[in-house]
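There are 2 protein chains.
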Amino acid sequence: MLVIKVGGAQGINYDAVCADLAELLQQKQTAVLVHGGSEETNILSEKLGKPPRILTAASGYTSRYTDRETLEIFEMVYCGKINKMIVEKLQRLGVNAVGLSGIDGRLWEGTRKSSITIVEKGKRKIVRDDYTGRVEKVNTPLIRLLLDNGYVPVLTPPAISYEGEAINVDGDRAAAILAASLQAETLVILSNVPGLLRDVADETSLIPSIPLKEIEHFAEFALGRMKKKVLGAKEALQNGVQRVVFADARVEHPIRAALAGHGTVIE
Amino acid sequence: MLVIKVGGAQGINYDAVCADLAELLQQKQTAVLVHGGSEETNILSEKLGKPPRILTAASGYTSRYTDRETLEIFEMVYCGKINKMIVEKLQRLGVNAVGLSGIDGRLWEGTRKSSITIVEKGKRKIVRDDYTGRVEKVNTPLIRLLLDNGYVPVLTPPAISYEGEAINVDGDRAAAILAASLQAETLVILSNVPGLLRDVADETSLIPSIPLKEIEHFAEFALGRMKKKVLGAKEALQNGVQRVVFADARVEHPIRAALAGHGTVIE
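Here the protein sequences line up with chains A and B, keeping their order. Using this note's numbering, the first residue of the first sequence is number 1, and each one after it goes up by one. Using this note's numbering, the first residue of the second sequence is number 1, and each one after it goes up by one.
There could be a bad hint or two in this list.
Remember, identical chains collapse to one label, so a pair may be satisfied in a single copy or spanning two.
Derived SDA-like pairs: lysine to any residue, alpha-carbon spacing no greater than 25 Å straight-line [as the list claims (entries may be wrong)]:
1) LYS137 with LEU147
2) LYS137 with PRO208
3) LYS213 with ALA9
4) LYS89 with ARG128
5) LYS123 with GLU252
6) LYS89 with ARG64
7) LYS89 with ASP129
8) LYS137 with ASN149
9) LYS28 with LYS89
10) LYS89 with GLY164
11) LYS50 with GLU69
12) LYS113 with HIS253
13) LYS121 with GLY240
14) LYS89 with ARG68
15) LYS113 with GLY94
16) LYS47 with ALA9
17) LYS137 with LEU206
18) LYS89 with ARG134
19) LYS47 with GLU69
20) LYS50 with GLU120
21) LYS137 with ASP148
22) LYS123 with PRO208
23) LYS28 with PRO141
24) LYS89 with LYS137
Hints in this document: simulated from the structure, not taken from any laboratory. Owing to the predicted nature of the structure, the values given are computational and were not obtained by experimental measurement.
Using the sequences provided together with the hints, build the complete structure.
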């Protein structure tokens, strides 16, 4: 079992990801695809006069401020535009894809943060109208039901709170808990960089491999959105996934390149 | 088995539809929900500087001109905003809803019209870059798989062409072929009018019942979007559905009111 997360940043080659996945599936590989949509959400938010606001938590992690209006824009992009674009591409390649969000069948369930403490212009503030949270439970029977009947699940945030509210969750960490729940051997996290870099400005500074026990040390190289990928990798590996690979989604055969070790391999 | 189609025009009371469905499901009713999203698509199209263009075919039927850009807007609204809004409402009411489009698992498959002949300003024209079509096949095993495992399917256009292209299809006719494929007893088509009216300007002019054999006669009262509802009703009844009810989605308990005969009953 393989879980592939493909990011939503600029430069992602969705055609290559889908074509590579279709070929892998022909080789009897079982896979679930998870995707993001951050860049397109930024673009639509700007167009609709609701520019994105990125919150920086006191812990240093960043997240998109997600009030109900943002949540609707988020769903339009993630569940509408990107999810159906990927499902359509896969269907055209002969893959019987089914696209679902974490709300559907309570696929990804978790806690909505009732408030988050952020740092803005050097000052601490509390934000309360934010619909974000963290996935804690996966409806693996629904995933297995689809897989057992020949469907390839294509999953996207948002998730759902225990109270039944849609919540914005980090896609990398959602993919990590999914991979752990399915006892996947490998989690591939594709984005618009070659992997974890020592210097974000230098793509040749790739860190090729990290032993799990040293992940805390390497985490210092992770900036911005890469911080949650490292956190997700750690969570996946601590919960039974054998290998996590951060790799490049801008190249041809991005999944097979990742499986061949091109990227940052953590195990 | 009950198939409910809820329209996407202004005034629809989605809270009432979802609450009523939740109560019906507690009474061991089996149901599938289909929805539209036309009004919200018009609003988003305007906001994004791509105002809707309605084509009138030579046959008199109207449809939304759907080039690839419109298709993306359509998917954002139907599959993103409206589908996830309904699934979230149902989940909050304890209904384990799963939202899918016709692309997912090739749920609604059909032919894309390679060209359509339209009448514009009195002149005939041929439109070729339109992604519209008609549902001809339903993946009923996928619907049954979900129902048998306790999930309530919430379905939305677009459908998928045999070539794997997303296609805009009429939601009422898609619901009709779905109801026929599932051998549903009743198809309820809810919209923002009380049913088929003799005079569209007068809501008291409701036609309470129509025998199937007289549907052609009553079809003359159907204007605009109501034309395809009448066509869908005919197709459903000719293919084994026992009863079609056109009813009002602006009221409390809209589904049970329809089942009790409030609206236009065709059988």
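Structure-based check of each hint:
1. When the C-alpha separation of LYS137 and LEU147 is checked against a cutoff of 25 Å, the pair qualifies both within a copy, at 19 Å, and between copies, at 22 Å.
2. For the identical chains of this complex, LYS137 and PRO208 are neighbours neither inside a copy (31 Å) nor across copies (49 Å), given an alpha-carbon limit of 25 Å.
3. Neither within a single protomer nor between protomers do LYS213 and ALA9 lie at most 25 Å apart by alpha-carbon distance, with minima of 29 Å and 57 Å respectively.
4. For the homomeric pair LYS89 and ARG128, the shortest alpha-carbon distance between copies (22 Å) is at most 25 Å, but the shortest distance inside one copy (39 Å) is not.
5. In the homo-oligomer, the alpha carbons of LYS123 and GLU252 never lie at most 25 Å apart, since the shortest distance is 45 Å inside one protomer and 48 Å across protomers.
6. Taking the closest pair of Cα atoms, LYS89 and ARG64 come within 25 Å of each other only across two copies (23 Å); inside a single copy the shortest separation is 28 Å, beyond that limit.
7. Only between protomers do LYS89 and ASP129 lie at most 25 Å apart by alpha-carbon distance; the minimum there is 19 Å, versus 36 Å within a single protomer.
8. For the identical chains of this complex, LYS137 and ASN149 are neighbours both inside a copy (23 Å) and across copies (19 Å), given an alpha-carbon limit of 25 Å.
9. Taking the closest pair of Cα atoms, LYS28 and LYS89 come within 25 Å of each other only inside a single copy of the chain (20 Å); across copies the shortest separation is 38 Å, beyond that limit.
10. Taking the shortest Cα distances, LYS89 and GLY164 sit within 25 Å of each other only across copies (8 Å), while inside one copy they are farther apart (31 Å).
11. For a Cα distance limit of 25 Å, the shortest separation of LYS50 from GLU69 qualifies both inside one copy, at 9 Å, and across copies, at 21 Å.
12. With identical chains, the CA atoms of LYS113 and HIS253 are never at most 25 Å apart, being 38 Å at best within one copy and 34 Å at best between copies.
13. For the homomeric pair LYS121 and GLY240, neither the shortest alpha-carbon distance inside one copy (40 Å) nor that between copies (66 Å) is at most 25 Å.
14. In this homomeric assembly, LYS89 and ARG68 come within 25 Å of each other (Cα to Cα) only across copies, at 14 Å, whereas the closest approach inside a single copy is 30 Å.
15. Taking the closest pair of Cα atoms, LYS113 and GLY94 come within 25 Å of each other only across two copies (21 Å); inside a single copy the shortest separation is 40 Å, beyond that limit.
16. Taking the shortest alpha-carbon separations for LYS47 and ALA9, both the intra-copy value of 17 Å and the inter-copy value of 24 Å come in at or below 25 Å.
17. In this assembly of identical chains, LYS137 and LEU206 lie within 25 Å of each other by CA distance neither inside one copy nor across copies; the values are 33 Å within and 50 Å between.
18. Proximity of LYS89 and ARG134 under a CA criterion of 25 Å is satisfied inter-copy only: 20 Å between copies versus 29 Å inside one chain copy.
19. In this assembly of identical chains, LYS47 and GLU69 lie within 25 Å of each other by CA distance both inside one copy and across copies; the values are 14 Å within and 15 Å between.
20. In this assembly of identical chains, the alpha carbons of LYS50 and GLU120 lie at most 25 Å apart only when taken from the same copy (19 Å versus 37 Å across copies).
21. In this assembly of identical chains, LYS137 and ASP148 lie within 25 Å of each other by CA distance both inside one copy and across copies; the values are 21 Å within and 22 Å between.
22. Taking the shortest Cα distances, LYS123 and PRO208 never come within 25 Å of each other, neither inside one copy (38 Å) nor across copies (65 Å).
23. When the C-alpha separation of LYS28 and PRO141 is checked against a cutoff of 25 Å, the pair qualifies both within a copy, at 21 Å, and between copies, at 23 Å.
24. For a Cα distance limit of 25 Å, the shortest separation of LYS89 from LYS137 across copies, 20 Å, qualifies, whereas the shortest one inside one copy, 29 Å, does not.
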